[in-house]
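Colleague: Residues -19 to -1, 1 to 311 in mature numbering (1 follows the signal peptide of the UniProt record, and there is no 0) are what the sequence shown lists, from first letter to last.
In short, the hints are calculated from the structure, not lab data.
Hints may contain errors.
Quick list of the computed label-pair ranges, beta carbon to beta carbon [said to hold, decoys possible]:
| hint | residue 1 | residue 2 | range |
| --- | --- | --- | --- |
| 1 | Ser23 | Ser155 | 14 to 24 Å |
| 2 | Gly221 | Thr86 | 37 to 47 Å |
| 3 | Lys175 | Asp112 | 21 to 31 Å |
| 4 | Pro207 | Lys94 | 38 to 48 Å |
| 5 | Lys175 | Pro207 | 13 to 23 Å |
| 6 | Pro215 | His70 | 40 to 50 Å |
| 7 | Met154 | Tyr36 | 37 to 47 Å |
| 8 | Asn136 | Ala77 | 17 to 27 Å |
| 9 | His220 | Gln90 | 39 to 49 Å |
For clarity, every value in this text was computed on a predicted model and none was experimentally measured.
C-beta atoms are modelled at their ideal positions from N, C-alpha and C, and glycine is treated no differently.
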Amino acid sequence: MLNIYLWLGSLTFVSSLAAKRPNIVVIIADDLGWDDVSFHGSNEIPTPNIDSLAYDGIILNNYYVSPICTPTRSALMTGRHPIHTGMQHGVLVGAAPYGLPLNETLMPQYFNKLGYSSHIIGKWHLGFFKDEYTPTKRGFQSHIGYWLGAEDYFNHLAEAHYGEIGYDFHRNMSVDKEALGKYSTELFTEEAVKLIQHHNQTQPLFLYLPYQAVHSGNDYERLQAPQKYINRFPNIKHHGRKIYAGMVSALDDGVGKVIKALKDTGMYSNSVIVFSTDNGGPTHGYDGNMASNWPLRIFQVSKGVTTTLQCGGGCITNTPKLSLHKVPII
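Let's have the full structure, built from the sequences with the hints guiding it.
Modeller: Right under this line is the structure:
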């Protein structure tokens, strides 16, 4: 049995794809629990926008991933098992003098050869100790976001191992001080919407949107959300769980705004949209975020939802798949 928790995702084929190459939008949530979306039967945290992707697309209930960030993201980007890229052993920390090997071809590089315009908005976590390991040196034409694995949602300070702390928010290769004080979920959504609105549609778009949500923040404040989202959950009495619900709700709102932007620009009818998490929710211990993976247990085979084939809405498949399959499938 693989040492994994789960992967949640949905991919929707919004119509029969036109003869031209479709736009590709890959949305990744971070540490989202299996039972923290309402299409899995939970009535505690409504997620109508994520649900709509699931119901209109194909749900995979037997999707395998690694239990932590870097290995899963390396498999997603390369289409190769982490043990073949040296990314299998853990997450990259701030002082790590290595990254995803430069001899690996990444998803944006494949798409660029097919004429795509490739962009990343959000979390990288695949190496930055040298410039050539950062996103805009690995096939993406632009990057707005952070390089490490976790940080404060508002001030974007990253507490790395060995006591280092620093501001980790970049616009391409420059430090983006304008992001200071802005909630990352809303900021990433805003940037994604602007990118879609200004995209030159003579060229297909590949947008990789790995949100910070709902990963825990720094040690001093693990759970963070604007009060307007927290106020949506008077039914939840546990303080930490209430904040977490607000984080999920902000994420769901963001997904809805991205989908609306695709529709408003006429791109939706020729787009493939993937929604997934990198792994399940860490309910306790380091990086614990109050997520719920009920009714799954650690000894169970990993479960999740994503897409492997094209069909009408409402399809569910139990065919086993791995995160590394996304590259050849897409």
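Colleague: For each hint, tell me whether it holds in the structure or not.
Modeller: Each hint, compared with the structure:
no., hint, in the structure
1, Ser23 <-> Ser155: 14 to 24 Å, "violated, 41 Å"
2, Gly221 <-> Thr86: 37 to 47 Å, "holds, 41 Å"
3, Lys175 <-> Asp112: 21 to 31 Å, "holds, 26 Å"
4, Pro207 <-> Lys94: 38 to 48 Å, "holds, 41 Å"
5, Lys175 <-> Pro207: 13 to 23 Å, "holds, 20 Å"
6, Pro215 <-> His70: 40 to 50 Å, "holds, 43 Å"
7, Met154 <-> Tyr36: 37 to 47 Å, "holds, 40 Å"
8, Asn136 <-> Ala77: 17 to 27 Å, "holds, 23 Å"
9, His220 <-> Gln90: 39 to 49 Å, "holds, 45 Å"
Hint compliance for this structure: hint 1 is the single one not met.
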